[in-house]
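2 protein chains.
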Amino acid sequence: MTRTQDPTPPPLLRIDGERLWAALMQLKEIGAYDDAATGLRGVRRLALTDEDDRARRLVVQWMREAGMAVRVDEIGNVYAVRPGRDRSLPCVLMGSHIDTVATGGAFDGTLGVLGAIEVVRTLDEAGVATLRDIECGFFTDEEGVRFGTDMLGSAVTAGRIPLDHAHALTDDAGRTVAEELVRTGWDGDAHHRRPTPHAYVECHIEQGPILAAAGVDVGVVTGVQSISWQRLTVHGEAAHAGTTPIEHRHDAGLVAAQVVIELRRMCDSGDYGRLRATVGTLGFEPAQTNVIPSSARMTIDLRNPVDDHMTVAEKDLARFVDDLAAAAGVRVEWERMAKTAVVPFSRRIQDVLAETADELGIGYVTAMSGAGHDAQEISALCPTAMVFVAGEHGGISHTPREYSDPRACANGVTLLANAVRRLADEPGGGSDER
Amino acid sequence: MTRTQDPTPPPLLRIDGERLWAALMQLKEIGAYDDAATGLRGVRRLALTDEDDRARRLVVQWMREAGMAVRVDEIGNVYAVRPGRDRSLPCVLMGSHIDTVATGGAFDGTLGVLGAIEVVRTLDEAGVATLRDIECGFFTDEEGVRFGTDMLGSAVTAGRIPLDHAHALTDDAGRTVAEELVRTGWDGDAHHRRPTPHAYVECHIEQGPILAAAGVDVGVVTGVQSISWQRLTVHGEAAHAGTTPIEHRHDAGLVAAQVVIELRRMCDSGDYGRLRATVGTLGFEPAQTNVIPSSARMTIDLRNPVDDHMTVAEKDLARFVDDLAAAAGVRVEWERMAKTAVVPFSRRIQDVLAETADELGIGYVTAMSGAGHDAQEISALCPTAMVFVAGEHGGISHTPREYSDPRACANGVTLLANAVRRLADEPGGGSDER
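Protein chains in written order, with the numbering used here: chain Z, 1 to 434; chain G, 1 to 434.
Watch out, some of these pointers could steer you wrong.
Note that the list lumps identical chains together, so a pair holds whenever it fits in one copy or between two copies.
Calculated cross-link-like contacts (lysine to any residue; reagent style SDA-like; alpha-carbon spacing at most 25 Å) [to be verified]:
(1) LYS315 / ILE261
(2) LYS315 / GLY361
(3) LYS339 / PRO305
Think of the hints as simulated: they come from the structure by calculation, not from any bench.
Starting from the given sequences, assemble the full structure and let the hints guide the process.
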């Protein structure tokens, strides 16, 4: 594909890496906790908690200090706008999220949000006026930890999840999203279905080992792998641990353990492509030392970069569980929590990112995302791609060990800045090919 | 061994099976709940809860109505006394417990307590005066569900667990045994170390399939198998479920599942005699669908009728877990919760039970107990044995399906009555051979 280059390309922008880093370090203090498992200081800032509220207020303050007008929509998504010369044209949107998991770090999500604000500061300081508006956003409950549905705010905006459904979701204490939006004051009046942007670019840590293994700081993301979340409940029979012969047992816990083992075998087998399977939660009832479990409840998280491999993996798992249940004399109950197909990103936006990285002299590789992101939702609205930033320790995240060094962060956001500036100068009327 | 028979043996006693059954059915209403897993009505009467308090008050009322004086000791054990002709001689003690597990039935423990009261009623109605005092007791928190240590009250009485230690044990909400004794009013003033009885006989449901398979209602119990309770905590590393490659994971949950599977393999192998292993509790942290577990916490309940087999099983399990942890890059932490060796019961009391059953024409078999009982603690104080009563459905217990039919219950308590009467007429000064 060929693009029409501007006759005189504008000078390249370099963001202020120290200012970006300072913002990341300041934000991570909100919700900070001492993590016993790692001995490190982590971040626990679940969506619409008091900690999230405080973080939101700080980020909005920074948006306003960067001269932007801020609006909040009905699901608590926040957008700040830097006006372009032609306000009638669709904007270029940057964004991510600032909620974390219970054992989070300083970079997941926040890099894309604070990076977007840094892009605006950089444009302002360079005196750059763009044709189109540029917006910086952050989306409610991307992690899905608190209310059980990830990418919640962006999915509502993209129209995949109805607003009423999202508002009615509850946390473990029975509090609804709607109640918590009101309680924290983030029940905005902007419409939850935002005007279609010209493009969306999200900068995010990779959360994987590919970039570091390739010796680069950034990646151009080709798409997001498919994700399947299911809850499995095994119903066996409680019985006395000391007196019930092994052959008389209907041990729900044993069956659950066998499912955990089988999932690992499936990953190792290679029969399902690059399948990743995780059992993140597992609990027994009645949960007594001397009682064979009457039930076991577990979640199963499957990821696959190829939809067909995911389909076969889910089918084979279901058959395995059925056979196991029949042999063990237990009953199983499946509940679908989430399912997304592979989301390919816009080839055109990927090309802009790749060409811009080349111009900047920033080495990159292309990679598919192993994690879900708001970008996969927004890609239903407009051409979308992502910039990945390398992490240390194999790109580990969702733990306080999550770490990306200042240079990698700065390179990622510099790439974001120049690509977004270029996209924001694209004239109207062209085809928005994905 | 030969015993001196009374020249004219007294007529045999028959207890009132209907009265016993009515008491069992009345007591099970205290703490009754609807069990979702079985669709049956179960009993949830954990030690020193409000339900336990109500049950204790009803049982004490029945003890007093049977003419007995009641005392409560410092750990909440309750004893009722029917005076004998020579109050200076050690008594014959009957008893068991009235607390239940969270998914309990109507018979576990209660049969021995209500059976003991029925024995006293029967003696009274038959106008039988015994040489020795007869006491009926029930012990605090036999199940160990609430405060984590089973046979708590009887272990304190037998001197295995110091009173201060027992008082300081806490439930999941952090409430101590001492606080709950005071709150429920069962902090008695009798000394926790009771006077040494002449003999202890406990009637209890078998909780296993042996009696039913042999076609008999009752069993003479030869002892209690060894019990090992350990808590295992696996410390891995939290990481993102979608992005962390399988080979980079330190999945605490997977290791826990592998331990569950290995335990079953050990039971099936036959290498450890009649080993029974149960993982009754298992939980993950941080317990999120999309986070690889950083830690997994489980209990391991092992039972074995042969001490040497238990020793080897524990050693092999520890080695398996060590190797597994090294391979998976996780750390494991063991905590000893409880350990009891095989407890052989008094041969002499077993003989009294067997001879009495023969006189009564009640068929019996001898059997070792798969479950722990207060009798194993009291056996440290005095010659002890147990009467088992057959249960249906393979003797399943710790579930609302637990059921022993009225005839079996009546036969067990009739055996108890006649054996206790015989023991209570034994003269003083003889050797208390075990």
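*When no copy is specified for LYS315 and ILE261, does a C-alpha distance of 25 Å or less occur within a copy, between copies, both, or neither?*
both (17 Å within a copy, 24 Å between copies)
*Measure nothing new, just compare the shortest in-copy and cross-copy C-alpha distances for LYS315 and GLY361 to 25 Å and report within, between, both or neither.*
neither (46 Å within a copy, 60 Å between copies)
*Within a copy, between copies, both or neither: where do LYS339 and PRO305 come within 25 Å Cα-Cα?*
within (13 Å within a copy, 50 Å between copies)
The structure fails hint 2 only (numbered hints given earlier).
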